[in-house]
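Peer 1: Here's the letter readout for the chains.
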Amino acid sequence: MATVRSARKAVLNRLAIVAALIATLVFLGPIYWIASTAFKPKELAVTVPPTVVFTPEITPMIRLFTKRVQIQGATDPAAYAAAPWWEKRIYDGGERVLKVGDAVQLSQYPNRFENSLIVAIISTVLAVSMGTVTAYGFSRFRVAGEADLLFFILSTRMLPPVVVAIPMFLMYRLVGLNDSHIGLIILYVAFNLSFSVWLMKGFMDEIPKEYEEAALVDGYTRMQSFFKIVLPEAATGIAATAVFCFITAWNEYAFALIMTNRRAQTAPPFIPSQIGSGLPDWTTIAAGTFLFLLPVAIFTFALRKHLLRGVTFGAVRK
Amino acid sequence: MATNAMTRLDPRSRAAKRGWSDLTIRNLFVIPTILFLIVFNIFPLIYSLGYSFTDYAANRNVPWSFIGLKNYRDLLSDDHIWSNFVITAKYVIVSVSGQMLVGFGLALLLNRSFPLKGLVTTLLLLPMMMSAAVVGLFWQLLYSPSWGPINYLFGLGDFAWLSDPDAALYAVAITDIWMWSPFVMLLSLAGLSAVPKHLYEAAAIDRAGAWYTFTRITLPLVAPLLLIALIFRTMEAFKTFDIAYTMTTQPTAELIAIRLYKQAFQQWDTGKSCALAYIVLIMVLAITNIYVKYLNRVKER
Numbered sequence: 001m002a003t004v005r006s007a008r009k010a011v012l013n014r015l016a017i018v019a020a021l022i023a024t025l026v027f028l029g030p031i032y033w034i035a036s037t038a039f040k041p042k043e044l045a046v047t048v049p050p051t052v053v054f055t056p057e058i059t060p061m062i063r064l065f066t067k068r069v070q071i072q073g074a075t076d077p078a079a080y081a082a083a084p085w086w087e088k089r090i091y092d093g094g095e096r097v098l099k100v101g102d103a104v105q106l107s108q109y110p111n112r113f114e115n116s117l118i119v120a121i122i123s124t125v126l127a128v129s130m131g132t133v134t135a136y137g138f139s140r141f142r143v144a145g146e147a148d149l150l151f152f153i154l155s156t157r158m159l160p161p162v163v164v165a166i167p168m169f170l171m172y173r174l175v176g177l178n179d180s181h182i183g184l185i186i187l188y189v190a191f192n193l194s195f196s197v198w199l200m201k202g203f204m205d206e207i208p209k210e211y212e213e214a215a216l217v218d219g220y221t222r223m224q225s226f227f228k229i230v231l232p233e234a235a236t237g238i239a240a241t242a243v244f245c246f247i248t249a250w251n252e253y254a255f256a257l258i259m260t261n262r263r264a265q266t267a268p269p270f271i272p273s274q275i276g277s278g279l280p281d282w283t284t285i286a287a288g289t290f291l292f293l294l295p296v297a298i299f300t301f302a303l304r305k306h307l308l309r310g311v312t313f314g315a316v317r318k
Numbered sequence: 319m320a321t322n323a324m325t326r327l328d329p330r331s332r333a334a335k336r337g338w339s340d341l342t343i344r345n346l347f348v349i350p351t352i353l354f355l356i357v358f359n360i361f362p363l364i365y366s367l368g369y370s371f372t373d374y375a376a377n378r379n380v381p382w383s384f385i386g387l388k389n390y391r392d393l394l395s396d397d398h399i400w401s402n403f404v405i406t407a408k409y410v411i412v413s414v415s416g417q418m419l420v421g422f423g424l425a426l427l428l429n430r431s432f433p434l435k436g437l438v439t440t441l442l443l444l445p446m447m448m449s450a451a452v453v454g455l456f457w458q459l460l461y462s463p464s465w466g467p468i469n470y471l472f473g474l475g476d477f478a479w480l481s482d483p484d485a486a487l488y489a490v491a492i493t494d495i496w497m498w499s500p501f502v503m504l505l506s507l508a509g510l511s512a513v514p515k516h517l518y519e520a521a522a523i524d525r526a527g528a529w530y531t532f533t534r535i536t537l538p539l540v541a542p543l544l545l546i547a548l549i550f551r552t553m554e555a556f557k558t559f560d561i562a563y564t565m566t567t568q569p570t571a572e573l574i575a576i577r578l579y580k581q582a583f584q585q586w587d588t589g590k591s592c593a594l595a596y597i598v599l600i601m602v603l604a605i606t607n608i609y610v611k612y613l614n615r616v617k618e619r
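Order-wise, the sequence lines are chains A and B.
Position 265 of the first sequence, counted from 1, bears residue number 265 in my numbering, the numbering being contiguous throughout.
Position 201 of the second sequence, counted from 1, bears residue number 519 in my numbering, the numbering being contiguous throughout.
Just so you know, these hints were derived from the structure itself, not from any lab.
What you are looking at is a predicted structure, and each value in this text was computed from that prediction instead of being measured.
If a hint is listed, it holds; no wrong ones were tucked in.
Pairs of lysine to aspartate or glutamate, EDC-like flavour, derived with a Cα cap of 16 Å:
{"hint": "1", "chain 1": "A", "residue 1": "9", "chain 2": "B", "residue 2": "519"}
{"hint": "2", "chain 1": "B", "residue 1": "611", "chain 2": "A", "residue 2": "146"}
{"hint": "3", "chain 1": "B", "residue 1": "408", "chain 2": "B", "residue 2": "554"}
{"hint": "4", "chain 1": "B", "residue 1": "388", "chain 2": "B", "residue 2": "587"}
{"hint": "5", "chain 1": "A", "residue 1": "42", "chain 2": "A", "residue 2": "92"}
{"hint": "6", "chain 1": "A", "residue 1": "42", "chain 2": "A", "residue 2": "57"}
{"hint": "7", "chain 1": "A", "residue 1": "88", "chain 2": "A", "residue 2": "57"}
{"hint": "8", "chain 1": "B", "residue 1": "611", "chain 2": "A", "residue 2": "148"}
{"hint": "9", "chain 1": "B", "residue 1": "408", "chain 2": "B", "residue 2": "484"}
Between the sequences and the hints, there should be enough to build the whole structure, so can you do that?
Peer 2: In structure tokens, the structure reads:
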């Protein structure tokens, strides 16, 4: 049947596309703003009217990674002449890089970034591997009270972080896990495990049982067929689940704020704490934010086919 | 407890006897996870239930005593707490309805084929993948009085969104709408693309108006997914902590989760906080229950 289409409809269609593109630009505005501020010269970050066109520079990134002090009086010309190009940019801004001997002192940012990586990667590996086998168990075997157990698993994810954090904080204090990587990792595994079970169960349900049945008939044990048939079939699902768990752990704020302060602090509570008092240096904060958001932006593109499934706990598939 | 393998292999056959039994494998795969979740999610809650009947303060080394239901009585008769719940309700209504409108609107615009559609859709999904705390931080930059781009674009001059008692909560809600409309859009798009084309063709042949087609064909068919988006976002908005906490310190924007955090970790009123946590927990579980019921219903379709 041919589609009935008038000229008016075609015009409306085109208008809708234009409107969609404009809406996209509006949505991307805030992201563009933070990304561009991360490369702005300090004096252009807070201008009226806001600066849109400028020559990008990486001084904010240099400031992000170094410890500096304000220079009192004039810059030492000899030190300025001997300094590498990036250090000159710091001198130009009226600051001096702190050093111990010849070694540049790093700011806390790289350490917080590293903490975020450690906690997110380890907790993801644990949550996804436990989630995958549990999902297989639920998918292939009859488990007594399965529906109730799955609801129980999901509901642990729905608990507000602050509610769980109060008793966890008290218990961690007893056993000395406050402000440790392992403490945060356990919390993130507990948080992501339920998600991982639900999502992986959806992926497992889609793998035809006949594959394993054929393998069993061919003389594989159940464990062999799980490792050699099921896991490779589930690889895409495992990857998608892992990326979702990583993003959740990477972004998590409340637990990290409550459970860590120095040694194990991750980037999300650290970055906002940089504002402090007085006039914040927005270019450096923007640089820290930009670097922190970059992995998530890349992962979002990698995940685009699985996003719908991920955000609905595997319930809605396309 | 009886177990049944998915396969119909005769249990006495050779295949069924090789390696571990299905029962062993099932237990090995399922029980550790359940135990882990009980130890790290349920046990802490039992622990804090106990403390909710005491006047325990975690930062003082003084003996505490059981005070029965006093914490709960105090909380439920505390006007301050009620005002936090009212603020939270206001926030949930404004932010979730905003997300539903903007998200569904975006989906209606995007529900047609055009070049770069995939790229545009993915770009629109970026906000919801970001850390709420960091989003809250950089929206502070956007909301800055005098030099902030938002005030510049709308000619608002020195209007201080985040330190204005009347505006702060709405400023946070706007940011939340920006962040989570893409979620509603994603679910709506899935619903819209599942509407069979022939229904629209039939409506066009019958010369049905655009409004009639929308209300009689589009909406009813997208409704189940919209409902899921609505319940899920309501639940999440009710728990909001990060974004509001990093954006503003206005008491008029003090959501219940922020109140709970302050009571527990700034005033160190531990016993009372455990009681408040339980009140919040029961509310969240009620919404979760509704959510899971609908999820299962949609799954069965």
